[in-house]
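Peer 1: Throw the hints in and build the complete structure from the sequences for me.
There are 2 protein chains.
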Amino acid sequence: MKVQVLQEKLKKGLSIMERVSSKSLTLPILNNTLISTEKNFLNLSATDLEIGINWWTLTKTEKEGKVAVPSRLLLSFVNLLPNKKIDVAVKENDLSVQCESYKTKIKGFSADEFPLIPKVGKEEFVVVKSSDFCKSLSQVADIAMPSTTRPEISGVYFRLQKDLIIAAATDSFRLGEKKISLKEEKLINKDYSLIIPQKTVKEIINIFGEKEGDLKVYFSPNQIMFEYFMEEVSHPEVQVVSRLIEGEYPNYQEIIPQKFATQITIEKEAFVNQIKSAALFSGKVNEIKLKVDSEKKETIVSSQSVDIGDYQSTVSGKVKGGDTEVSFNHKFLLDGLMNIKSSEVVFDLNGESGPGVLRPVGDDSYLYVVMPIKAS
Amino acid sequence: MKVQVLQEKLKKGLSIMERVSSKSLTLPILNNTLISTEKNFLNLSATDLEIGINWWTLTKTEKEGKVAVPSRLLLSFVNLLPNKKIDVAVKENDLSVQCESYKTKIKGFSADEFPLIPKVGKEEFVVVKSSDFCKSLSQVADIAMPSTTRPEISGVYFRLQKDLIIAAATDSFRLGEKKISLKEEKLINKDYSLIIPQKTVKEIINIFGEKEGDLKVYFSPNQIMFEYFMEEVSHPEVQVVSRLIEGEYPNYQEIIPQKFATQITIEKEAFVNQIKSAALFSGKVNEIKLKVDSEKKETIVSSQSVDIGDYQSTVSGKVKGGDTEVSFNHKFLLDGLMNIKSSEVVFDLNGESGPGVLRPVGDDSYLYVVMPIKAS
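Protein chains in written order, with our numbering: chain L, 1 to 376; chain P, 1 to 376.
Treat the hints with care, as some may be off.
Unchecked claim - With the C-beta cut set under 7 Å, the calculated list includes, among others, these residues of chain L facing chain P: (1) 79; (2) 80; (3) 101; (4) 102; (5) 103; (6) 106; (7) 109; (8) 186; (9) 187; (10) 189; (11) 193; (12) 309; (13) 310; (14) 311; (15) 312; (16) 314.
The hints are simulated quantities; they were obtained by calculation from the structure and are not laboratory data.
Ideal placement from N, C-alpha and C gives every residue a C-beta, glycine not left out.
Peer 2: Listed below in structure tokens is the structure:
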């Protein structure tokens, strides 16, 4: 192999590879990036056997070839190079990298040792706007619970509808659901309900979150693939292939309350700040109390702990329904509020033991259900 | 106690206290800040028994009093308050803090339980420019080695001369020395050679590094005190008192070479980048090699490791003296270069086993001596 590539480009590709290259002790080949040429493209690949990533850039290829080299070492080295042309060559299993006065030879491994990244059929796909899609995913991604006892809730649930993907995640204490618009109505032959590993969803957000173009999402019963095209040429720039989680996702629609006993509409930032303050005095159970006074149109946020002291503050806003008192885990409330981007939030309450529902004002595509801490 | 204080002011004082309030399990009172009134000043104090800090701000005092409260809790709470007036009051040992709708009562301890912060005589002192003094200290502070076997090198050495403080630190592999100008010639009665704990020096840099005014340094045989005055009124704003380390500092002057076999003058940033690159290939002994070619006026930086591969790059610059080859620990070289602020550095070399000396170009107030890794 002998190619020339710009430092900036190679750095970008390697920083994606390095994220998925695992620190595997049992399969050390997984700590490597496979570098190969495909005509006028340089191709990087990495996998942790759950997620596989392919990345391409246009290059001048003088001689084809391939080799696997340690991902972190190569990225660290390329990061330190000036943004100039880099000459990359393979001789046996050594990768030589040269840029101005910097010369190095990195010991690598035969490309044959590198695992294949599975292919996903290209028949069934939908198209979404990359950055919007990632913003939507980030509203549910953190709620999923890595769990070996209930693997089905360790991922993010995807359900395809006519012109929507419904994404949901829960850890059984709270649930987030987001409706993501497709760029056009789906044209695929089959309905898909899938569970995507949390790690995959987080990598998707990282890799595609800043990209302004379209993202294609390919569906198959056992794999999902996300693909982004280069602007200049009709060739993929990044493909992320992931395995899916087997099992049936819980029928979470049942627990979303269809009505409320009390509804408050309040300024989000003030509420967040008061919950953070109350959290300091909430002790080990993380319990903070909300007391809604429907006449005064205000909600008292309070907490107390024998060792630390006690706290109280008041947030005003619209109140519908009757007075109520209910306690929540402050972490769960804050997580939900952080997933909401609007300046005002609606909070439906259902007494001291019924679930609460947080929604952004002026956006019915998102909801966050949270269970109270029952009065003891 | 009953006083009114601006959130911004209190936050500033508490953030200083929180740094020194230790997480002591044996003496939990040390996790607290002592809050007290002194006429129209609010005074905060904290200590870890090695360093003691006093801080003052002007307030309206309605009623005098004092109490000790958990430093981290109070800071976390005050951080979340709006930048408005805060009402602070003490009732028994509870501190009540109120700001707009936020109200809290924090459980505290009797002020009598709080250890006294020692006083340092005000006779013997010198004056330095605060931010410059801290910049100078940061060029040596990290070199000292926290060590129980050789406590005398666990601190930063201070020697007072006519119009200078000479500050030095070593860990026996390298040494940094910085000459710090006094604002006026010293007028004190006695020579002082002191060893200041590394932690104290780091706190001094943190607390006074951004301050533009004068810093007074008070000397005594067992304690040192740093004092900064408020701009508006003739009253101290911060006092830091520290114990000193007993023992005799090594006569380090002996190891500073007075001549060189080879001297190179090179661009610092390029050199730093090449050392960082070489470090990636240096293996477990951290060894990188410099090879000076006096004819070509260039220095080859190289490293290699059986498992990883090998590296080479070239940095050009002035060369005096003969060719040489010498190996260094890349960490020690980088530490020294990072302490140098000039864009060019002079590096005196003394063969493969003699110490090297790094100096900024155009500034003879700083030097950094580093021992080579001897060829095996």
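Peer 1: Next step is simple, just say for each hint if it's right about the structure.
Peer 2: Checked hints:
Given the 7 Å rule on beta carbons, the hint for residue 79/L is violated: about 9 Å separates it from the nearest Cβ of chain P. About 5 Å separates the beta-carbon of residue 80/L from the nearest beta-carbon of chain P, less than 7 Å, and the hint is met. Because the beta carbon of residue 101/L sits about 4 Å from the nearest beta carbon in chain P, less than 7 Å, this interface hint is met. Restraint check, residue 102/L versus chain P: the minimum CB separation of about 5 Å is within 7 Å; hint holds.
Taking 7 Å as the C-beta contact cut-off toward chain P, the hint placing residue 103/L at the interface holds, the least distance being around 5 Å. This hint holds: residue 106/L has a C-beta 4 Å from the nearest C-beta of chain P, less than the 7 Å allowed. Checking residue 109/L against chain P: minimum C-beta separation of about 12 Å lies over 7 Å; hint violated. For residue 186/L, the interface hint is violated, the least distance from its beta-carbon to any beta-carbon of chain P being 46 Å, above 7 Å.
For residue 187/L, the suggested interface contact is broken, since its CB lies about 49 Å from the closest CB of chain P, more than 7 Å. For residue 189/L, the interface hint is violated, since its Cβ never comes within 7 Å of a Cβ in chain P; the closest pair sits about 50 Å apart. At about 42 Å, the closest approach between the beta carbon of residue 193/L and any beta carbon in chain P exceeds 7 Å, and the interface hint on this residue is violated. At a threshold of 7 Å, the smallest CB-CB gap from residue 309/L to chain P is about 4 Å, leaving the interface hint in force.
The restraint placing residue 310/L at the interface with chain P holds, with a minimum CB-CB distance near 5 Å, inside the 7 Å limit. Restraint check, residue 311/L versus chain P: the minimum CB separation of about 5 Å is within 7 Å; hint holds. With 7 Å as the threshold, the beta carbon of residue 312/L comes within range of chain P, its nearest partner Cβ sitting at about 5 Å, so the hint holds. The beta carbon of residue 314/L is positioned within 7 Å of a beta carbon in chain P (closest approach about 4 Å), and the interface hint is therefore held.
Hints 1, 7, 8, 9, 10 and 11, counting from the list given before, are not met by this structure.
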